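J.: With the sequences and hints as input, model every part of the structure.
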Amino acid sequence: MNHRPFEYWLLEDQPLTGEQERELQAHLRGCTSCAAIAESNLALHSTRMVSPAEGFVSRFEIHLARQRKTARVRQIFGALIFVLAGLALLYWYASPFIRDVMSSPAGWITSVVGYLLFMLTSLQVLSELSRVSFHLVLDFVSPLGWFAILFLVSGLGLLEALFIRRFVRTPQGV
Amino acid sequence: MDEELTWVLQAQHGNDEAFTKLVEAYQTHVYNLCYRMLGEAESAEDAAQETFLRAYQHLHRYDQKRPFGTWLLSIAAHYCIDRLRRRKFSMISMDADEDENTLELPDADAPNPESEMMHSEQREHLQGLLKRLDGTDRAAIVMRYWHDCSESEIAEALHLTVSAVKSRLHRARRELAGLWQDDHPQPKPERRPHESPAF
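Chains as they are written, first to last, in the numbering used here: chain R, 1 to 174; chain S, 1001 to 1199.
Think of the hints as simulated: they come from the structure by calculation, not from any bench. It cannot be assumed that every hint is accurate.
[Said to hold, decoys possible] Where chain R lies over chain S, by a calculated footprint (3+ residues, C-beta under 8 Å):
hint, stretch
1, 1018-1027
2, 1030-1037
3, 1050-1058
4, 1123-1136
5, 1175-1183
Remember, predicted model here, so these are calculated numbers, not experimental data. For glycine and all other residues, C-beta sits at the position ideal for the given N, C-alpha and C.
T.: This is the structure in C-alpha cells:
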C-alpha cells in the first residue's frame, strides 16, 4: 500500500478499524512524514483549554459600563454640537431679515401680505390650468384607449415585480 | 426552551444580568480561542473582552437557529484574524518575545508529573507552531481541536464552505506536521521496495 491512504487517514483523524490501525502502525515505523502528522495529532489531542484570569466577568462589566458612558457622552456632545450648529446657521441666515423687521415693521408687514397674496393668486391660476388641461387630455383619448393604456401599464408592473423577485434573495442572518 | 436560549432572549430584551450569565458560561471558550490565536495572555484578554462587547452590541442580529457558542466563537475568530492581519502590517515580530509567555503549567495533581511535564512541553511547542500558521487556518485548527467544532460549524463561523474548511484543515495539519518534523528531526528510515519513492 502506498503512502497516500495513510496520510489521508491521519489527516481525516477518524477512528480506524483494528486492521487499518495495524497497517498504519507498520507504515508509521517507516514514514517520517506520516509519523510527524501522527505526533502532531497526538499533541493536538492532548491540548487543553486556557481559562482567563480570575474576575473576567467583573472586568467585562466594568468595560461595558465604561463603553456605555463613553457612548452617552458622545451622544450628548453630538446633540449639543448639532443644536449649536443649527442655531448658528439660523442666526447667520436670519440676521439680515431680523434687522429689516426691526428697522421698519410696517414695511415688513406690507411685503409679507403682498407675498402671501401673490402665492394665493399663483396657486389659483395653477389649479385652474391643471383642471383645464386634465379635461383636455381626457377628451383627447377615447375610453377604449384609456383601457388599453391601463392594461399595458399594469402588465408591465406585474412583469417587473416577477423579474425583481427572481433575483432578490433573503439576506443571511449574522 | 433551554437555559442558554432563555438568557439570550432576556439579554436581547436588555437584561444585563442574563448577558453576564452568558459571559460566565462562555468566558473560557472565547478566551481560549483568543489565546490560541494571538499567543499572548494580555492580547487574549483584550480580544475576549472585545468579543463579548461586540456580541452585546449586535445581540439583536443573533440568529437563534444557530448555536450561541458558535456565534461567539465566530466573532472572536474574525476579531483575532483582523488583529493578526494588523500585526502583520505593523511588522511586529511575534516570535522573539512571545515565546517567553507562560502557557499551562504542569498539573501538580496529575498522576505522573514527569509525563505531564512532557505533555506540557509538547503543548507549549504546539502553541509556538500554531503562530506560524495563517490566521484563518489557525482559527480552523483551534475550533476543531480545542472546541470540538464540526466542519460545518467551522464553515459557518468563518464564512467558508465545508470543503474549504476541510482543505484548510488538511493543509494546516500538513504544515504543522512539517514544522513539527523540522523541530524534532528523526533519522530517515530506509526506503522499502514496496513503498512510494517519495518516502
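J.: Each hint should be assessed against the structure and marked as holding or not.
T.: Consistency of the hints with the structure:
1. Counting residues of the stretch 1018-1027 of chain S whose CB falls under 8 Å from any CB of chain R gives 4; the rule of at least 3 is met.
2. Check result for the stretch 1030-1037 of chain S against chain R: holds, 4 residues qualifying (beta carbon to beta carbon below 8 Å, three or more required).
3. Check on the stretch 1050-1058 of chain S: 4 of its residues sit with their Cβ under 8 Å from a Cβ of chain R, so the three-residue criterion for coverage holds.
4. Counting residues of the stretch 1123-1136 of chain S whose CB lies closer than 8 Å to any CB of chain R gives 4, which reaches the minimum of 3, so the coverage claim holds.
5. Counting residues of the stretch 1175-1183 of chain S whose CB falls under 8 Å from any CB of chain R gives 5; the rule of at least 3 is met.
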